Structure formats: structure tokens, C-alpha cells
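Keeping the supplied structure of chain A fixed, place chain B upon it in accordance with the hints.
2 protein chains.
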Amino acid sequence: MPLPVPVLPEGVDPAWLPVEALRPLGVRRTLIRGSGPLVDTVHGEVADACGRFGGKVVRGEEGAARGAPDGARYDLLLEVSAAEGLGAEGFAFGRDGGTTTVTASGPHGLLYGLFHVVRLGAAAFAGPVAREEHRPATALRMLDHWDNVSVHPVMGQVERGYAGGSLFWRDGRARGEAERVRAYGRLLAAVGINAVAVNNVNVREAETRLLTERLGEVAGLAEALRPYGIRTHLSVNFAAPMLLDGLPTADPLDTGVRAWWAGAVRRVYAAIPDFGGFVVKADSEGEPGPFAYGRSHADGANMLAAALAPYGGTVHWRAFVYDHRQDWRDRGTDRARAAHDHFAPLDGEFAGNAVLQVKHGPMDFQVREPVSPVLGAMPRTRLAVEVQATQEYTGQQRHVCWLGPMWSEVLRFRTDGAAGPSVAESARGGIVAVSNVGDDPFWTGHPLAQANLHTFGRLAWRPDADPCDVLDEWIGLTFPGAPARLADGLRAVLRGSWRTYEKYTAPLGVGFMVQPGHHYGPGVDGYEYSRWGTYHFADRDGVGVDRSAATGTGYAAQYAKAWAEVYESVDSCPDELLLFFHHVPYGHVLHSGKTVIQHIYDTHFEGVEEAEEARRVWAGLGDLVEPARHARVAERYEEQVRCAREWRDQVNSYFLRKSGVPDGQGRLIH
Amino acid sequence: MPLPVPVLPEGVDPAWLPVEALRPLGVRRTLIRGSGPLVDTVHGEVADACGRFGGKVVRGEEGAARGAPDGARYDLLLEVSAAEGLGAEGFAFGRDGGTTTVTASGPHGLLYGLFHVVRLGAAAFAGPVAREEHRPATALRMLDHWDNVSVHPVMGQVERGYAGGSLFWRDGRARGEAERVRAYGRLLAAVGINAVAVNNVNVREAETRLLTERLGEVAGLAEALRPYGIRTHLSVNFAAPMLLDGLPTADPLDTGVRAWWAGAVRRVYAAIPDFGGFVVKADSEGEPGPFAYGRSHADGANMLAAALAPYGGTVHWRAFVYDHRQDWRDRGTDRARAAHDHFAPLDGEFAGNAVLQVKHGPMDFQVREPVSPVLGAMPRTRLAVEVQATQEYTGQQRHVCWLGPMWSEVLRFRTDGAAGPSVAESARGGIVAVSNVGDDPFWTGHPLAQANLHTFGRLAWRPDADPCDVLDEWIGLTFPGAPARLADGLRAVLRGSWRTYEKYTAPLGVGFMVQPGHHYGPGVDGYEYSRWGTYHFADRDGVGVDRSAATGTGYAAQYAKAWAEVYESVDSCPDELLLFFHHVPYGHVLHSGKTVIQHIYDTHFEGVEEAEEARRVWAGLGDLVEPARHARVAERYEEQVRCAREWRDQVNSYFLRKSGVPDGQGRLIH
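Protein chains in written order, with this note's numbering: chain A, 1 to 670; chain B, 1 to 670.
This is chain A alone, in the form it adopts within the complex (with noise of 0.2 angstroms):
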């Protein structure tokens, strides 16, 4: 039986599934061989789209015959062959005689077939197309919500959440809006992402709840999400034995807490069989966790992968563990080095089904930061790398800055130098995002933020893709038919907006000079003198954190040798990285043949001018946007440029004032 697509509310923008981008399915003729509910959600596809544009559609068995059942010619078989050897999500694509044919080995490989076919479009049915085989590169494919259930009296409902409310919560309680989750597990399934995480890593009273009492709006959510593919996690508090149930203790070695947690766990998956498991966030920024019993993160993960265990669950155990209670006095104390000083000494250490879940960078999703350490330092324990959908450091979904240049040099950044594996080979453990995504009309507030979701998805299955590719893939999907204006256009606007950002916000990856609390717009000292471990001691002479290992606080011989060596040495730094390694003369010289301070005055005005530029770009599409969307991202284009021309603007006095080396230029600093 099919099942009948999801229908989206009124006035929610259908991203990059437009009813138009499914017609070259929806005209065709379509043979579906297969069974089991997934293959129903991949008839409902089919026989919708042929609903809207006069195609047709038949299901046959899985291991019948190939030949037509009505001897009609096919344009497109899908089907589920147990014999291919393509894994549970893979399939193979190729064309052949006028046929288009998918062939997966299970359910979910038809899923992503069918939804390769649809990011075709019209070129899934064009000429003869040797057989493909195509297989996600990590079967961990993930969005963590950072979701409070109820609203946290700073962070609101959604922690660094800049799209409105959450989908699946509101002031306390589930929403039950089951076709909306349902129609956002559709979106990610046909980007390729299998696991969400429905609630903040910051577990308070309310979520601690989710995983007992309050287990059936768990299983509610993961109902919604099933008939896409994809698995629900539920992150939890380490001191839930404590919390919910007056345990005297939540020491991870102890029998009755371990008894407890198998007890819940049980509990768990007799209401929703295909849990996916445990997002944790232990011993940070004051969660509780195994420190508290003097025992380590692998005794405490593993005590939690013990519990899961049995049904094929996972522990996914946060690796952002840092000193938040720094004093800025200490200048030997690098929080940069904490992650790798913590865990790279438990590798091995960790259970086959706990996941050691990295942050791609060692500080906290700056616009620029250096590879995290830890992910080449832990070959004997399952990686997943985590970056940041949501915008948090990155323009707030006010600003365009689309992401997927930098997850691209992230995830193909290899460990041990040229020779050595990817990062995203080393994260077997599966690549992650925190979500992006609210109850926006737009999903994302800002409109063009769709692009981050969507390249974040593909990226995972996909690491090596090209980052433009995929931009061009979300530009022909969300904007079906783009005359070459539109497709240029978006672009133009997409394409370098990382680094515009980069260009007007804190220079050379020394990172943050943010506003505290909300991160949002310039504040060149705001941790300047805080308690974070996030400084850049700036003095009249010059900046940067003296991260080597021959006169700082060591972080670079935290990489393996040949990074090691490039790191360590003002000379071999990359410039885009040089301030978060070294402190340097204002008047040194970058490899660009600038130096530092006309780089920060440069990179400054050209960032502001390169905003503005976007803005007029997008000013000049108006005819070809439907009007919503337009005059939406045209409104956050005058934020955009706002804010950048006040982090322009401080940082200049700021470093004018400080330096007093005059702008080479001469254009106005105040």
C-alpha cells in the first residue's frame, strides 16, 4: 500500500522538494518491486508525483520477474534485490534500452534510489548510464535538535536555535504535529540523513523525563520520522538514575545504576524498536558526568553502551569537555588542547558501540578553526565528527553564510598529512549536524540557510563530493526551471559567503571577539577576559595565542608530525589559521605578502563590500523569487550589511586604536 506523502501546513515552504521538482518522476511510468513500509513510502512518492503530472505507477513483488506485469514498457524500475551486495543502504542506478533502473539491496537503499532519481530529475531518463553503485559513506548520517521541551529561560525553546520554535516541542509539551515531522523526515531522507536527535544535549528536568514518564512523545516523534528511514535519538541526562528515580548515585561502575539504565533502556525499545540510542553531554560546561565518581568518559560511555548493547544502540559521548571556569590570568591553560587531553588517551578504550562524538574543530564552531587533533589521534575508537547547521557563530540565519566549503575542507582534511585518511574515513562513528531547523515557514529562517541542511546531507553521504556541485544540486531543486539569471545569481550569493563572513568577522581563525552570551554581532574583548578560555591577547604590539609547541601552550604537537610541523612554525602556518597558532607583530608578513594589521583593514572593508554586493545581487532577482521568499532574504541582506559594517567598524578602531599603524589606504577607521 502506498503511503500518501505528507501534506505540508499552509504557508510552509516545501524547500527543495517543490511539487515541480518531482515531474520528470511524476510523468513517467514506474515498475516498484519490493515490500515492507519503506517501499510503501517509496510507492506513495511515485504514485503522488504521478498523481500531479499523469504518470503511472505498479508494484510488483521483490524477486519477481523483470518483465513488465502489464507488458508495458517501464522508464523506471525500483526495486529491492536481497542478492546485490550494496548494504543496507546502497543501491545501484544505471540506464539501459530507455529503462532507468534502481536496484537496492533493502528498503532504505530504495529509499535513497528514489531520491536520487528526484535530484536528477529530467536527467535520470537520458541516455544509456553504466551501472553506478552508490553506498553513504558513513551510516551515521545525523542532525542533533539542541530542542528544549520547555522553554529554558536564556536559551528559549531551542538552544542557539535562529528558525522560529521547535518542531517537535512547545512551552513543555510535544506539539503532536506528526505530519510536519513527518514531511521534515522526508526533506532529510531525500538528502540522505538516517538519525535525529529529537532534544538538547543540555538535558534539564522536563527532558531528563523523555526518557520514562514522558517515552511516549518520544515514540510519537520516532513514528513520524520512521516511514523515512530514519532513526530516533533522545539525548540524555548522566544523572537520570538520580533525577528520576532518587538513586543515591549515578557512579557508572556502580550495579544498581547500571541495572537501572538497562532497565530503561528496555523499556525504551519495547516502545520504539528502532531507537537509534543516546546523544551525552557529560563533565561540560556543567552537565553531570563520570568525573563526579572519579571514573573516566569511557567508563562512563561504556556503561551506557552496555545498556544498549543488546539492541543494537549506540552511545553517541560528546567529546566538548573544557575548562569553563578558566581564569583568563593563565596563559598556560589552553582550552584548544582540552578534547585531545581528555579522550585521545581512552582510545581503545571505548565499547564497540559507543561513538566519541567530535566537534570539527578544538574550540567551537568559528567561522575558522584548525581540525580538531582528536580526530587523528583515536584510531581504535569509533569518531563522529560534528559541525554546526545552525548558525550560531556564523550570522545567525541573518546573514548568508552558506557552510559547505567549510565542512568540505573539514572532512576531506587528512589526519596524518597527505598520505593518511580522510577525516571523514576516520569518523566511522558518522557525521553529524546540529540542526538548523525550526517551525519557520522557511525551516530555517532564513531562506537561503536551506542551502546548509541540504549540503550538510549530501556531504555526509558523500564527503568528497564538490561543495559547488551540490549547491548547484539544492539551487535546480528549490528553484525548479531557474533561468540561468536566478541559477547565477544564487550563486553568486552562495558561493563565497563563507568567506565574506569570515572577512568581516574575527581575523586569521583567532575566533570569537563575539558579543557574550548570544554570539551575535562584533565584541573584540567580550571573552576577552572572561572565564571561557577564549582569548586573542591583543596588545599594542601585536595578537594571536601562542599555540606552538617550542614557546606556547603545546596544542600544535597535538597533531600527528606532518601537521605538526606546519602548525608549529609562524612560517609554514596557513595564513587563514595564523593567529590561532602564533602571536605575531602587527607588522608581520603573511604569506599573502600582506601584512597583519592591513590584512585585518583589508579583509574588513572588502568583507562589507562583498555583502553589499550580495545584497544588490539579490535586489536585481525580485522578478524571478516568489515575492515571500524574496523580500524575506532581502530584509536579512539589510541586517547583513548592518552588522558587518559594525564588525568592520570595531574591529578597525579596535586594532587602529591598539596598533596605531595607520590604514595603508587611508580609508576612515573611527
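There are no misleading hints in this set.
Only part of the chain B face toward chain A is listed, based on derived beta-carbon distances under 10 angstroms:
(1) ASP330
(2) GLY517
(3) PRO522
(4) GLU528
(5) ALA538
(6) GLU646
(7) ASP649
(8) ARG657
(9) SER659
(10) GLY660
(11) HIS670
Ranges between beta-carbon positions, derived for each pair:
(12) A:ARG485 with B:ASP245: 53 to 61 angstroms
(13) B:GLU609 with A:GLY348: 49 to 57 angstroms
(14) A:ALA419 with B:GLY664: 55 to 63 angstroms
Just so you know, these hints were derived from the structure itself, not from any lab. As the structure is a computational prediction, the values presented were derived from the model and not from experiment. Here a beta-carbon is modelled for each residue, glycine too, at the ideal position from N, C-alpha and C.
Just chain B now, kept in the frame of chain A:
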């Protein structure tokens, strides 16, 4: 009939009216002559004291013969005699032939005369004293409570409150605790305060309704405060006619609007016959006001004054008007100028019952500001001077900062130079403080902050009093029979505390350098690039704001000639205000002989040492102070010292990094 003395709730501190403070009165024989409610209050006070300590009180009729009705000799005669020309609140005090006599022209004067006797203690009954006449310097001695009825999402129950919740309101409703409010009124009357505004000058929806349908709650407070001679005032929303009754405008010249206010005032006086009047913050920090209709502040104030006039009410119109959306790049705009620019041209235009309420300095209650030039610029306007007892910028009642010396300096400042009137003399409209009181058991959070409330009242009555004498009086009352070591210790930690606080915070009058929003703790650049008009312009060469007429914003020229000349020149400007008026190089030599940079370093080291010393002194008083009070203060000293060190290190590091000038004494700067 004597009115019973209010009973404090269990655990609430009696502050400067402990039972013991009334012993000298309570052991004696007193004759009271007079009638009416306030005389009943006086009678109740004496009766209560006599009941505790064995004295006797007899009530006679006003105007009856002086001879004691029972033929006995009286130690104290308290009498109202309309024949005396002492004004409504004045009284005569003297002692002759073993009898102390207080004679007042009216019952208010008798109340203040009674508390004069209480404050004198045993000295009121010693030796002959020639007749002294006591009159308050100003008819209005007021506390403005910035208490919200509904909890504000950012500011909480009490805006800038550091003493728990509000005495008047809780979670949207009146608390209805009349006895405690009456006890509060008693404390205020004992220091001469005679007016209280019961709600915040930022008037939101719930507070706007106090004027109309919730007037009964205000009447309840007025009833509780009335027995101690305190008139109740209300902060009102200028747009109330629109918000409450849907009028299309709040234009002060619109006849419908004027009629609306006339009706509202009529109903207020029907409920509260001795209602004091309105407090208005208009066209300030986003509050509505007459500017929206092209009207002047005088138009706005006079409209409300006209409504109040028939009933003897007053409108307090605040002069705190400035551009709170300033561009930090624009050095031509100077927030310090704003009040004078807005109001001085309106001198003579305000109605007789309109009081222009002026903050004592041109900025916002910084630890050091010059006196506002408005206070010398409007001789034809009834001015009130507003100080801030709540320690928003002076340590938030976690730091000891006794403000008596600052207020005394302000009140005695002669706006025309040596020969002219003092601020207190110019402030014919009254002396007002923002309250530092809440529902904290010690009333003021920090037990020693009670001294600020006490000192304010006493200086408002007599602005030329020596604040150190006032402090001694507070010590004597609050710690009856304090041994010399305790009294000396209290003096040691309080007398210099304002200057100590000044030393470790923003230097030389430059102000701010606090954390934005909550205003606690250092943030040297916290407001440097913001819209609030609060800058220091520190660069690698120097620091300070050029407010001279010759080369700066011209603010210095807003003063009368004598002061304008003093402030205009770097040479004559007092050190403590140098950076308020001038931008100078770090090497500039102060009158003290030190360079600016060395002064910054030295004062910051000294300030911390003084705070540490005060903590030590307090610790040594543990055997002489009740444990709860001692512990509360000791705990706050820990925080004060921690915070003072943070100020020292951040300010010193900031200026070392900027100036590059090492400390002359080679101390550690981070």
C-alpha cells in the same frame, strides 16, 4: 488613641530602630499634647517604648496649659502648637529645668521631633540645651521605588534591585502586607523621608493600570504609609489614555487627553486624599512622551500638572532624556550634554506644581561624575535632584560602598562657583533617591547598605550635615551601646568605602567600563562600541573624553562661568574628573604628581588592598555583631574582594596592553 507600633515579621532586621534605640525615651515620663492621626502615631511610639522600659506617657490636649495634668514633673514634653512659625514639618527642641521640650507647629513636625529625640538617645535628656529650631531643607524628601508589579523578563521584580523582591508587589499582584509596609514607613520617617513612589518609572501594562482599575492596591499602600507622614506617588505611563481607554492620541494639548487625565486624577484623589503626585519618565530609553506629538517636555509636564493642581499634587518629570541609539562612531554627539540641551531652554515654562527631577550627574549614577549642569541652569524651574541609593553601578549591595560623601559633595556643590547657591538650595522641588530596599530580611541585601538609606534621609533633611556625623548616628542607633572597637571598625570599613570602590573601578571620572546589561563587574570595552553613549576612547596613546568647548563636545560650557573655566582646562580640571572632561596621554601628569597610567595602576592595587583590609577588619568584629549579620557581611566581602581583584586585573591589563607602559613599582600585571 495611640497607634500601635508596627510589628516586624519574624527575622526581619529592625535596622536603625532596634528596641534598644528607644530605651532612653522609654524609661522616661512624657507628656504629649496634640491631636490627630500623626499625634496618635507619636503617642503609640512613646507608649510602646514606655511599655518596654517602664516609663510613662500622658496625652494632653493641644493648647492646654503646660503644667503636668497629674502634677508630676515630665522628662519630655512633645507638643503641637499652631502658634509656632516652624512650618508644617519643623520643630523646636530644647531642654530646661530637667524637661526636654519638642514643640511643632503641626503633627508632622511633632513626628520628626519625636524621632529627633530617639536619634539623640540619652543625650536628649542631658544638660540644658538652648532652643534649637529644626526645619527640613526641602519640603520633599522622596524615595523612588523601581518596583515592577509584574516580573519583568529581564529586569525582574525590582529593576536594579539587589535586596530581594519588592515590599509592595509580587508576581503581578500587591503583596498586601500592610504591617511591613508600615514598618518600612516608620524607618523612613525616623530619618525624615516623607514621600515614596511605589512603582518603577518604566511603566509596563500591569503598572499602567495602577492608575485606574488597580488604584485600590495603591490606596492600600498609601494607607499603610500615611501614619508615618509619607505621601504616596505613582509612576505613570504618558500613553496611559491610549493604552487604557483607547484614545487615539496622548497629545498633551489634546482636550480629550487633558480631560482623561483630569478624570483619572480626580478618581485617584477620591481614593487617596493625600496622594503626592506622579513620576514620569517620558521620551527616554523608549518610553512614550510628548515628542511624538511635536510637543515639548514642558507641554507634557504641564498637562499632568494641570490635572494634579486642584488637589495639591505634583508631577515629577524626569530629565533623564538622551539618545539611547547613538552611533559610537559619531564623536560629535555627547550623552552628557543631553539633559541640558533638552531642558535648559525650557526654564520658566514649567508649571508651579511641576518638578523637573534631575539625576545628580550628567550620565547615570557612576561612582564619579561631575554635578549635572542642569542643576545650575534653571533658576525659574522647581528642580529636584535624584541620587541612587540602590547600588546599580557601585557594587550592587555585594560591595560596601557608603555613598554619603558623594551625595554630600553633590548637595553642597555651588553651581555658580564659590558664592552661588548649592545644589541643595537650587533643588527647591526636593531631594530624591532611587530606593535600595526590598523584601530582604536586612531590607537592603547588604546589611551595611542600610547606612546608605539612613544617610540619604538625613542628608535630604539637612544637606549641609557632615556625612561622617550621620554615619556615626547610624552606627549608634543600629548597634546600640556598641563598644568603641565595633564603632571604630564600622567607621573604618564604611567611611572610605566609596573612594575604595572608585579606586578599583573606572578611573578618573571616565565612568562605565562595566559589563553591559546587568552592570556588575568589569568590562572595560563593555560600552565602548555601543549605542548608549558611554565611551572612554582609550587608544595606545591616551584615554578620556574631550568635553571641552575649545576642542571637544562643548559640554564644559554648559556650566556657569566659574565651573566652565575650571573644567575647560586640563590644568585646572580636578584630577578625579580629568578623563570625564579631557582626552589625555597616558604620560600626562596629574595634580597628584603621578602620570595617568601610574595613577590607574596604583589606585587599582590600592583599591583591592583596601577591600582586603576592610574584609579583615570585619572579620575581627565577629564577637561584637550578631552571627547572622556578621556572616552575611563576611560572605559579601568575599565576593567584593574577588570582584575587586577582577576589576584591578582587567583594568590594569587592559591599559598595560594598550599603553605598553610598565608599572613603576614592577607589580604583576597579567
